Amino acid sequence: MPLLEIRNLQIDFGHGLKALRAVDGVALSLEPGKTLGLVGESGSGKSVTALAIARLLACPPAVYAGGEILLAGRDVLRLRAAELRQIRGGLVSYVFQEPGASLNPVFRIGGQIKEALQLHRPEAATDAEVIRLLKLVGIPAPETRMKSYPHELSGGMQQRVMIAMALAPQPKLLVADEPTTALDVTIQAQIIELLAQLRQQLGMAILLITHNLGIVGDIADDVAVMYAGQIVEQGPAHDLLQRPLHPYTQALMKSVPTLAADAERLTTISGQVPRLGAFPTGCRFHPRCPVARPECSQAPPPLAEVEPRRWVRCPYWNSPSLKA
Amino acid sequence: MITRLFRRLIWSVVTLLGTVLLTFFLLNAVPGDVARVIAGSKASPDVIKEIHAKYHLDDPVWQRFALYLNQLAHGDLGHSYVTDQPVAEALLTRLPTTIALTALAVVMWVALAVPLGALTARFRDSWFDRSTLVVATVSLSLPAFWLARMMQYWFAYKLGWFPIGFFRSFRDLLLPAASLAILFVGYYARLIHTNMVEVLDSPYIRAARAKGASETRVLFKHALRNAMIPVITILGMDVAGLLGGVLFVENVFALPGIGTLAVQSVFNLDPPVIMGTVLFSAILVVGANWAVDLLYGWIDPRIKSAS
Numbered sequence: 004m005p006l007l008e009i010r011n012l013q014i015d016f017g018h019g020l021k022a023l024r025a026v027d028g029v030a031l032s033l034e035p036g037k038t039l040g041l042v043g044e045s046g047s048g049k050s051v052t053a054l055a056i057a058r059l060l061a062c063p064p065a066v067y068a069g070g071e072i073l074l075a076g077r078d079v080l081r082l083r084a085a086e087l088r089q090i091r092g093g094l095v096s097y098v099f100q101e102p103g104a105s106l107n108p109v110f111r112i113g114g115q116i117k118e119a120l121q122l123h124r125p126e127a128a129t130d131a132e133v134i135r136l137l138k139l140v141g142i143p144a145p146e147t148r149m150k151s152y153p154h155e156l157s158g159g160m161q162q163r164v165m166i167a168m169a170l171a172p173q174p175k176l177l178v179a180d181e182p183t184t185a186l187d188v189t190i191q192a193q194i195i196e197l198l199a200q201l202r203q204q205l206g207m208a209i210l211l212i213t214h215n216l217g218i219v220g221d222i223a224d225d226v227a228v229m230y231a232g233q234i235v236e237q238g239p240a241h242d243l244l245q246r247p248l249h250p251y252t253q254a255l256m257k258s259v260p261t262l263a264a265d266a267e268r269l270t271t272i273s274g275q276v277p278r279l280g281a282f283p284t285g286c287r288f289h290p291r292c293p294v295a296r297p298e299c300s301q302a303p304p305p306l307a308e309v310e311p312r313r314w315v316r317c318p319y320w321n322s323p324s325l326k327a
Numbered sequence: 167m168i169t170r171l172f173r174r175l176i177w178s179v180v181t182l183l184g185t186v187l188l189t190f191f192l193l194n195a196v197p198g199d200v201a202r203v204i205a206g207s208k209a210s211p212d213v214i215k216e217i218h219a220k221y222h223l224d225d226p227v228w229q230r231f232a233l234y235l236n237q238l239a240h241g242d243l244g245h246s247y248v249t250d251q252p253v254a255e256a257l258l259t260r261l262p263t264t265i266a267l268t269a270l271a272v273v274m275w276v277a278l279a280v281p282l283g284a285l286t287a288r289f290r291d292s293w294f295d296r297s298t299l300v301v302a303t304v305s306l307s308l309p310a311f312w313l314a315r316m317m318q319y320w321f322a323y324k325l326g327w328f329p330i331g332f333f334r335s336f337r338d339l340l341l342p343a344a345s346l347a348i349l350f351v352g353y354y355a356r357l358i359h360t361n362m363v364e365v366l367d368s369p370y371i372r373a374a375r376a377k378g379a380s381e382t383r384v385l386f387k388h389a390l391r392n393a394m395i396p397v398i399t400i401l402g403m404d405v406a407g408l409l410g411g412v413l414f415v416e417n418v419f420a421l422p423g424i425g426t427l428a429v430q431s432v433f434n435l436d437p438p439v440i441m442g443t444v445l446f447s448a449i450l451v452v453g454a455n456w457a458v459d460l461l462y463g464w465i466d467p468r469i470k471s472a473s
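Residue numbers (my numbering), protein chains in the order written: chain A, 4 to 327; chain B, 167 to 473.
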């Protein structure tokens, strides 16, 4: 049984006629101990999907309009508040984008980690366990560091504290929502390495949300690419990055800057991410697609398994113009 | 940190000196002969002359000011012209009443405003939030003298739940303190509400929920302390400025506090006592500033290391 299975998830912002669908029919599955990379530009719905797993979206304005989120077999969308609190932290933990803003500024970091322990492993809520966790995430001199306030740490150290806090209750799933976006490049690599190493050590599954394809290649087993609230391509990470099938994924790959290429300008995807509520008809990518045909604006294409374990939302994935 | 404390100290002394200077010269400009006040309207010119000599009333104003400062420097606030009681003694005997009244009022309004502010922020735009807003607006618009009189009339005179006045026991303070608290509770409920709404939107609140913290814990542990940071400054200033409201309330309920002393001294045209009560309230303001500074460092760790 998969640890996480999202079926046909639909999330709106607002009600009735004013409702804007941010996530439209997303399906994902994650086995225990595996890593899934969820990739997409800002506004693609990837963070909304990630937050929905522990029902962390503020309702209102968000509305869970349909679908199921099965976490260890139980539908999160149907849990009562008390059960939800058990799941949050206990089964699924989060690491957020801005570690500086995600740690409470008025409490010592040791206390914040201890709180996570008190909520889920009260018997282990000791200084010794806090120190062990800080050591685990590579924080030097944990005995003195645990008495620090968040603002006394660097961004990288703050993110390590967030990871220690997320790991404290020994969750089965770690959702890392752009964990390195706010950090500088050398620190990014360290944090990703730390996540990869902890996954090995602790055997937990990771859902990594990012817009950085390079990071995905380093750590993920599988990748799902989101565009305008839908998954447009999904498959094993190695294969998908080597041989992207959807025109959007191909464009994304082309826009990753490489040191080898001596290009004058960075390659970009023409046009802009469609605004929420203003998604184009038919294929949502067609106005920006380099190989779009007239039919693309008519019927919305389905997500189809075109090769074993390779899913693509484009009926023309196999056409000669795309293979070039 | 040391230079900052030193600078603050200098400023505190300057503030106090300025207050003394201003009050002294304003009092000097008030028409009326103090000697007449002391001796009564039927006193003979000789007696008036004697009093003038005794209190240096004929000396130039700057000379008398120097004399007063010299006196202050020796820790002497002078004697009342009317009762001959030392001013320091008059203040000290009345201080406990005023402190008890003020403390009780502050406890009442904070104890009410914190849950009101927090819960209206949590349940924003609910009927509970909206009706609290209406009540709060009414409460902060009430004038102190009117409210104190109305409370006295209804709860003490008509309903007889509380004593009408005087200070014999703690119970006598409930109604006057409530009159003060009502003036502030609405304002503070809104203030805490506004800060709380902002704090509840911050990433660390989402992180606390993601940890599995209950809503009560999120609200009163994670959010409240952050939301109270700006409130502390205003609370400090309001407590210091509360003497204004205390003035009315103490007089309405005939409580023997600093407020009644201040009003009496003005009616009596008793300069040493007026100077004493004004200096006292200035010390209160300066002291409140210090207290806010210290509290700040405790409630917000970022401030301690920034200074």
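Treat the hints with care, as some may be off.
[What the hints assert, rightly or not] Pulled a few chain B residues facing chain A out of the computed Cβ check, cut under 8 Å:
#1 205
#2 207
#3 210
#4 391
#5 465
[What the hints assert, rightly or not] Negatives, chain A to chain B, calculated, CB over 10 Å:
#6 84
#7 104
#8 107
By construction, these hints were calculated from the structure, which means they are not laboratory data. For clarity, every value in this text was computed on a predicted model and none was experimentally measured. Using N, Cα and C, we set each Cβ at its ideal position, and we do this for glycine too.
For each hint, the structure was consulted:
1. 205: 62 Å, violated
2. 207: 64 Å, violated
3. 210: 70 Å, violated
4. 391: Hint holds; residue 391 of chain B Cβ to chain A Cβ min 5 Å, cut 8 Å.
5. 465: With a closest approach of 7 Å, the residue 465 of chain B hint holds.
6. 84: 8 Å, violated
7. 104: 4 Å, violated
8. 107: The claim breaks: residue 107 of chain A does not keep its Cβ more than 10 Å from every Cβ of chain B (closest is about 4 Å).
The structure is inconsistent with the numbered hints 1, 2, 3, 6, 7 and 8, although it conforms to all the rest.
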